[in-house]
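Chemist: Taken in sequence, the protein lines are chains V and L.
When you read off a place in the first sequence, starting at 1, and then add 29, the result is the number in the working numbering.
When you read off a place in the second sequence, starting at 1, and then add 37, the result is the number in the working numbering.
Don't take every hint at face value.
Quick list of the computed label-pair ranges, beta carbon to beta carbon [what the hints assert, rightly or not]:
#1 V:Glu116 x L:Arg257: 37 to 43 angstroms
#2 L:Glu201 x V:Asn82: 22 to 28 angstroms
#3 L:Ile165 x V:Gly125: 16 to 22 angstroms
#4 V:Glu116 x L:Gln219: 30 to 36 angstroms
#5 V:Gly125 x L:Gln241: 40 to 46 angstroms
#6 L:Ser206 x V:Lys48: 37 to 43 angstroms
#7 V:Ser88 x L:Asp200: 33 to 39 angstroms
#8 V:Asn79 x L:Arg257: 25 to 31 angstroms
#9 V:Lys42 x L:Arg257: 36 to 42 angstroms
#10 L:Asp127 x V:Leu46: 38 to 44 angstroms
Read the hints as simulated data drawn from the structure, not as lab findings.
These numbers were taken from a predicted model, which means no experiment stands behind them.
C-beta atoms are modelled at their ideal positions from N, C-alpha and C, and glycine is treated no differently.
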Amino acid sequence: MDQKPAANNKIEKNIELVKNIILSINTMSMLLYEIKAATPLGKTLKVLINLFNKEGKSSSGRTINLTDISFRHLADMTGISGEELQEALDCLQRQGVIFYRRSP
Amino acid sequence: MLYMEKIRCMKELAIFSALNFTEREKIGALAGKKVYRKNEYIFREGELADTIYLIKYGRVRLLKISANGKEIILDILKEDDIFGENTFFDDARHIIFAQALEETFICSCNRDSFALLLQNPQTSLKIIQLLGKKLNNYTEQVASIAFRDVKGRISAALLRLADEYGKPSPVGTTIDIDLTHQDVANLVNASRVMVTNVLSNLKQEGAIASKGHRLTLLNREKLVQATEVV
Chain V
30 MDQKPAANNK
40 IEKNIELVKN
50 IILSINTMSM
60 LLYEIKAATP
70 LGKTLKVLIN
80 LFNKEGKSSS
90 GRTINLTDIS
100 FRHLADMTGI
110 SGEELQEALD
120 CLQRQGVIFY
130 RRSP
Chain L
38 MLYMEKIRCM
48 KELAIFSALN
58 FTEREKIGAL
68 AGKKVYRKNE
78 YIFREGELAD
88 TIYLIKYGRV
98 RLLKISANGK
108 EIILDILKED
118 DIFGENTFFD
128 DARHIIFAQA
138 LEETFICSCN
148 RDSFALLLQN
158 PQTSLKIIQL
168 LGKKLNNYTE
178 QVASIAFRDV
188 KGRISAALLR
198 LADEYGKPSP
208 VGTTIDIDLT
218 HQDVANLVNA
228 SRVMVTNVLS
238 NLKQEGAIAS
248 KGHRLTLLNR
258 EKLVQATEVV
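Required output: the full structure, derived from the provided sequences and hints.
Modeler: Structure below.
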C-alpha cells in the first residue's frame, strides 16, 4: 500500500495546525498588548472578561453568553466613550473573540 | 569549520533531538547563526518576517512600544525557545520587537527550511508543543491582568518565572535572570512604585528574598495563595 499520500496528508495537517496556532498567538499577543497598554480596546476586554466570568451563562460548553447589557452602562464601566467602545467591540468581533448584537 | 559549527549549533537544540544525523546535516546546511549583544534588536516591529529564530543560549524579550512610548513586555524567552513564527505566512511583517536581554546566541532559518522540519513528526510535535505553550502563556497573562490585583499578578509572574528560569538554592528557588522593579512592572502591567511596595511586603511575609536584581522564592505556598482570585 502506498503510504506516501497518507504521510503527505499528515504533514499538510501539521502545517495547517501550526498556522492556526500562530494565528491564535498573534491574536492573543495583540490582546495582551492592548490590555497592558490600557487602550480603550484593552479596557473593554478587561471589563468584558470580568462580566463574562461573573454573569455569563455557558452555552453548550463552548461559548458564554451575556445578554441585556446596556451599551451606555458598559462604556461608563469601562471609562471610555461610546465611539471608543463601538470600535473596541467591532475589533473584538473581527478577531473572532466575541460576537455581539446591539438592539435598536 | 563553520559548517560543523552550524551542525553543532542546530543539533544541540532540544527541538531537533528527534532528528537523525542526516536530517540534522540537512538542517545544518540551512541554518544561520549569530551572537547578539545585550540590548541588540533581533528584529523590530514592521520589518519583513522572513526568518524563524531559535535560542541556543541567552535571553530574549518580546515587546511592543505603546503610543506614549512605554515598553510593554509580552514575554521573556530562553534557551530552546523559538520566535519570529509569523514568518510562516507570505509577506508577513513582525508585529513585535525582539531584543536580547544579555549576550544571546541564536540560530535561524527561513520559512521554506522551517517547513522541511515539519516533515519529521516528532520535531513537528515539539514545535507544536512550543507554540502551544506560548499561546497558553499569553492567555494566562490576559486572565491574570483581568482577574488579579497587583500582588496576585506579581506573585503569578514570579511563580511562572521560577518554573521557566528557576535554579535551586539552599533557601528556595532563585529566578536566574536579572529583574529590576521596572522589568517586573512592565511584565505585570503595574507601576514601578506599586511593584516596589508589593515586593517589600512579600519579603516581610517571608515569601521571597532578593540579592541585587535576583529574586529567590522562599515560600511558594504564600505566592500561590496571593494568586487566588477573590
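Chemist: Confirm or reject each hint.
Modeler: Here is what the structure says about each hint:
no.	hint	verdict
1	V:Glu116 x L:Arg257: 37 to 43 angstroms	42 angstroms, holds
2	L:Glu201 x V:Asn82: 22 to 28 angstroms	27 angstroms, holds
3	L:Ile165 x V:Gly125: 16 to 22 angstroms	21 angstroms, holds
4	V:Glu116 x L:Gln219: 30 to 36 angstroms	31 angstroms, holds
5	V:Gly125 x L:Gln241: 40 to 46 angstroms	45 angstroms, holds
6	L:Ser206 x V:Lys48: 37 to 43 angstroms	42 angstroms, holds
7	V:Ser88 x L:Asp200: 33 to 39 angstroms	34 angstroms, holds
8	V:Asn79 x L:Arg257: 25 to 31 angstroms	27 angstroms, holds
9	V:Lys42 x L:Arg257: 36 to 42 angstroms	40 angstroms, holds
10	L:Asp127 x V:Leu46: 38 to 44 angstroms	18 angstroms, violated
Checked against the numbered hints above, the structure breaks only hint 10 and satisfies the rest.
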